[in-house]
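First to last, the protein sequences are chains A and B. Letter by letter, the first sequence follows residues 332 to 599 of the numbering used here. Letter by letter, the second sequence follows residues 9 to 261 of the numbering used here.
Calculated from the structure, these hints are not laboratory results. Do not take every clue at face value.
Here are the simulated lysine-lysine pairs, BS3-like style, with alpha carbons at most 30 Å apart [to be verified]: (1) K594/A <-> K133/B; (2) K497/A <-> K35/B; (3) K381/A <-> K364/A; (4) K497/A <-> K164/B; (5) K35/B <-> K125/B; (6) K114/B <-> K497/A; (7) K497/A <-> K191/B; (8) K251/B <-> K594/A; (9) K102/B <-> K35/B; (10) K236/B <-> K497/A; (11) K152/B <-> K497/A; (12) K128/B <-> K594/A; (13) K114/B <-> K594/A; (14) K102/B <-> K128/B; (15) K251/B <-> K236/B; (16) K594/A <-> K191/B; (17) K497/A <-> K128/B; (18) K251/B <-> K497/A; (19) K125/B <-> K594/A; (20) K497/A <-> K102/B; (21) K594/A <-> K337/A; (22) K594/A <-> K113/B.
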Amino acid sequence: MNSFMKKHKPLITKLIFIVVFLSIWEYVSIGNKLGPKTEIILPSLGAIGKAFVKNFVQGYAGQSLWIYIGNSMWILLVGLFIGILLAFVFSGLSIINETFRYIYDFMVSIFDLLPGIALLPVVIIIFGIRVEVIIFLVVHSVLWPMSRNILDGFSSIPRIFIEAGKNINLRGLDLVLSIYLPAAATHIISGLKSGWARAWRGLISAEMIFGIASSPGLGLYINQMRTNLNNAEMYATLLVIIIVGAFVQYGILQPIENHTIRKWGMVR
Amino acid sequence: MKDNLVLRVNNLSKEFTNNNETNEVIKDLSLSVEENTFTCILGPSGCGKTTLLRCIAGFEDYAGEIFVDDVLCKEPGIDRIMVFQDFNQLFPWKTVIGNIKFALKKNGVTDASEQEKIAKEMLEKTHLSGFEDYYPHQLSGGMKQRVAIAKALALKPRIILMDEPFAALDAMTRTELQNEVLKIFEENNITFIFITHNIQEAIMLGDRIIVLGLGGEVLIDEENHIQKPVTPASNGYGDLWKKLHDSLYLAKR
Ligand SMILES: Nc1ncnc2c1ncn2[C@@H]1O[C@H](COP(=O)(O)OP(=O)(O)O)[C@@H](O)[C@H]1O
Ligand SMILES: [Mg+2]
Numbered sequence: 332m333n334s335f336m337k338k339h340k341p342l343i344t345k346l347i348f349i350v351v352f353l354s355i356w357e358y359v360s361i362g363n364k365l366g367p368k369t370e371i372i373l374p375s376l377g378a379i380g381k382a383f384v385k386n387f388v389q390g391y392a393g394q395s396l397w398i399y400i401g402n403s404m405w406i407l408l409v410g411l412f413i414g415i416l417l418a419f420v421f422s423g424l425s426i427i428n429e430t431f432r433y434i435y436d437f438m439v440s441i442f443d444l445l446p447g448i449a450l451l452p453v454v455i456i457i458f459g460i461r462v463e464v465i466i467f468l469v470v471h472s473v474l475w476p477m478s479r480n481i482l483d484g485f486s487s488i489p490r491i492f493i494e495a496g497k498n499i500n501l502r503g504l505d506l507v508l509s510i511y512l513p514a515a516a517t518h519i520i521s522g523l524k525s526g527w528a529r530a531w532r533g534l535i536s537a538e539m540i541f542g543i544a545s546s547p548g549l550g551l552y553i554n555q556m557r558t559n560l561n562n563a564e565m566y567a568t569l570l571v572i573i574i575v576g577a578f579v580q581y582g583i584l585q586p587i588e589n590h591t592i593r594k595w596g597m598v599r
Numbered sequence: 009m010k011d012n013l014v015l016r017v018n019n020l021s022k023e024f025t026n027n028n029e030t031n032e033v034i035k036d037l038s039l040s041v042e043e044n045t046f047t048c049i050l051g052p053s054g055c056g057k058t059t060l061l062r063c064i065a066g067f068e069d070y071a072g073e074i075f076v077d078d079v080l081c082k083e084p085g086i087d088r089i090m091v092f093q094d095f096n097q098l099f100p101w102k103t104v105i106g107n108i109k110f111a112l113k114k115n116g117v118t119d120a121s122e123q124e125k126i127a128k129e130m131l132e133k134t135h136l137s138g139f140e141d142y143y144p145h146q147l148s149g150g151m152k153q154r155v156a157i158a159k160a161l162a163l164k165p166r167i168i169l170m171d172e173p174f175a176a177l178d179a180m181t182r183t184e185l186q187n188e189v190l191k192i193f194e195e196n197n198i199t200f201i202f203i204t205h206n207i208q209e210a211i212m213l214g215d216r217i218i219v220l221g222l223g224g225e226v227l228i229d230e231e232n233h234i235q236k237p238v239t240p241a242s243n244g245y246g247d248l249w250k251k252l253h254d255s256l257y258l259a260k261r
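Work out the full structure: start from the sequences and follow the hints.
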């Protein structure tokens, strides 16, 4: 028993924390401890649970929450795909051409500092409120941190790998694809992690501020719940956002890491 | 003039510039190496042994000319495969056999079963059968060096360049690997250039021993006729050891 406790201490600690947290929540909510508005501020767990189901069954404006999740994920995927692809292409070109490297490195340093959401008004003035604007934001969110990580990864590759690569006649693009990319995998994966997290946050914020009717997403949904004072539904949607995030983190990114840098002994 | 020279280094000079300070590491060095010979290069630390090998491998810019089989070479290529001292020269993202197969694939061996066959044969030669599917991080230092040697052999280079490949190994593993390299040399037609700062290692392996002094000056360059396998009890060992030791000691001053 004792060794069981020791082995699973992290998990048990988390479980206890969750149970305590939910108990306090329920105590405050049921007992109206925050005054007459308690039910609006902290709906009971039962109400949130019902709202969770209602979100999917009934949804909003005649559409289930699934539709909103699907729209958000589609925009996210398209944006991530374009952003990651561009990051690889531009960072790869930086290896092959020195002038390009100086310019690109400079651009990355500048745009990395610019929150995408701050850029949105400008983009909307130019393109109008369209789905492409939000995709643009996702691309912007992932492109620069991803590029920064890839470039840093490239410049910290041990010289011996590059020389061993040149020794077996690898040059140019071949050298980039066969040596630079795998050798920088640790950096690339941490770029993926921070890039996706930024894109996910940026996406939800953009949808909340400039909800797009032609492609309503999670951000728009949660904002509608807020304006209609459907607070239990609002909390339930927050839960969904966390679940989606956890799914990407543990269902996609973690396995990628396990099958690459962990298997290769490049991280402990 | 011998006509089976595989390597000619003509008037090689190499300097490094750091913070406006120029350090001339090799000054006007010329030497040539015959085919299928084992040349050991000794020299005090910092005399430019690694730099010389890196110039031959094509990893550095330099003044002078280096010919392999009478072809001028400035770029790295598989006619000169380098085995580094650093254990971490294998690609960690490929398995043991993957490292070798990849090198073959990039150099004209397109048939997968042919790659497999050559790689397995070389791994057998270096006593690594059974470790094909290991990743480099799962191997000991000695095993990693064996893989690097197997990879070099697989590519059939004209010269294998070795830069103190066993210096960081424990004594027992080092002796084992020395014997294996010697066996590989005797059974195959390969030219070795082997750098070491260990006199015993040079006498044990080399059929020619060169001592470099500061500035890459050739202090000693002679054939080693001691019967192999060499032990400290071998005829002539003591005299040669003393001669090499003395010149190294002088070179250091
Ligand atoms: N990349 C470099 N930049 C500047 N100096 C270097 C570099 N590589 C080697 N040197 C210098 O060249 C000299 C010879 O180095 P090296 O060839 O490594 O010596 P050895 O292998 O004989 O010990 C040393 O003084 C070293 O500091
Ligand atoms: Mg050295």
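Checked hints:
Annotation: proposed proximity of K594/A to K133/B holds, straight-line Cα distance about 27 Å (limit 30 Å). Between K497/A and K35/B, the direct Cα distance comes to roughly 26 Å. Compliance with the 30 Å bound is thereby established for this hinted pair. For a cut-off of 30 Å, the pair hint linking K381/A to K364/A stands: about 22 Å separates their Cα positions. Of the pairs offered as hints, the one joining K497/A and K164/B holds, with about 16 Å between alpha carbons and a cut-off of 30 Å not exceeded.
In summary, the hint linking K35/B to K125/B is not supported, as the alpha carbons are separated by about 45 Å, beyond the 30 Å threshold. Between the alpha carbons of K114/B and K497/A the distance comes to roughly 11 Å, so the proposed pair stays at or under 30 Å and holds. With a C-alpha separation of about 28 Å, the suggested pair K497/A and K191/B falls inside the 30 Å cut-off, and the hint holds. Restraint check for K251/B and K594/A: not satisfied, since their Cα atoms lie roughly 50 Å apart, outside the 30 Å limit.
At roughly 40 Å between alpha-carbon atoms, K102/B and K35/B are farther apart than 30 Å, so this suggested pair is violated. This hinted pair does not check out: K236/B and K497/A have alpha carbons roughly 35 Å apart, beyond 30 Å. For the proposed pair K152/B and K497/A, the alpha carbon gap of about 19 Å is at most 30 Å, so the pair holds. For the given pair, K128/B sits about 23 Å from K594/A by alpha-carbon distance, which is consistent with the 30 Å threshold.
This hinted pair checks out: K114/B and K594/A have alpha carbons roughly 24 Å apart, not beyond 30 Å. Between K102/B and K128/B the CA atoms are separated by roughly 15 Å; this keeps the pair inside 30 Å, and the hint holds. The hinted pair formed by K251/B and K236/B meets the criterion: a straight-line CA distance of about 19 Å does not exceed 30 Å. A C-alpha spacing of about 34 Å is found between K594/A and K191/B, which places the hinted pair above 30 Å, so the restraint is violated.
Restraint check for K497/A and K128/B: the C-alpha separation of about 24 Å stays at or below 30 Å, so the hint holds. Between K251/B and K497/A the CA atoms are separated by roughly 39 Å; this puts the pair beyond 30 Å, and the hint is violated. Taken as a hint, the K125/B and K594/A pair is honoured in the structure, with Cα atoms around 25 Å apart against an allowance of 30 Å. For the hint linking K497/A to K102/B, the alpha-carbon distance of about 17 Å falls within 30 Å, and the restraint holds.
Under the criterion of a C-alpha separation no larger than 30 Å, the hint pairing K594/A with K337/A is consistent with the structure, at around 27 Å. Of the pairs offered as hints, the one joining K594/A and K113/B holds, with about 23 Å between alpha carbons and a cut-off of 30 Å not exceeded.
This entry does not satisfy hints 5, 8, 9, 10, 16 and 18, going by the numbered hints stated previously.
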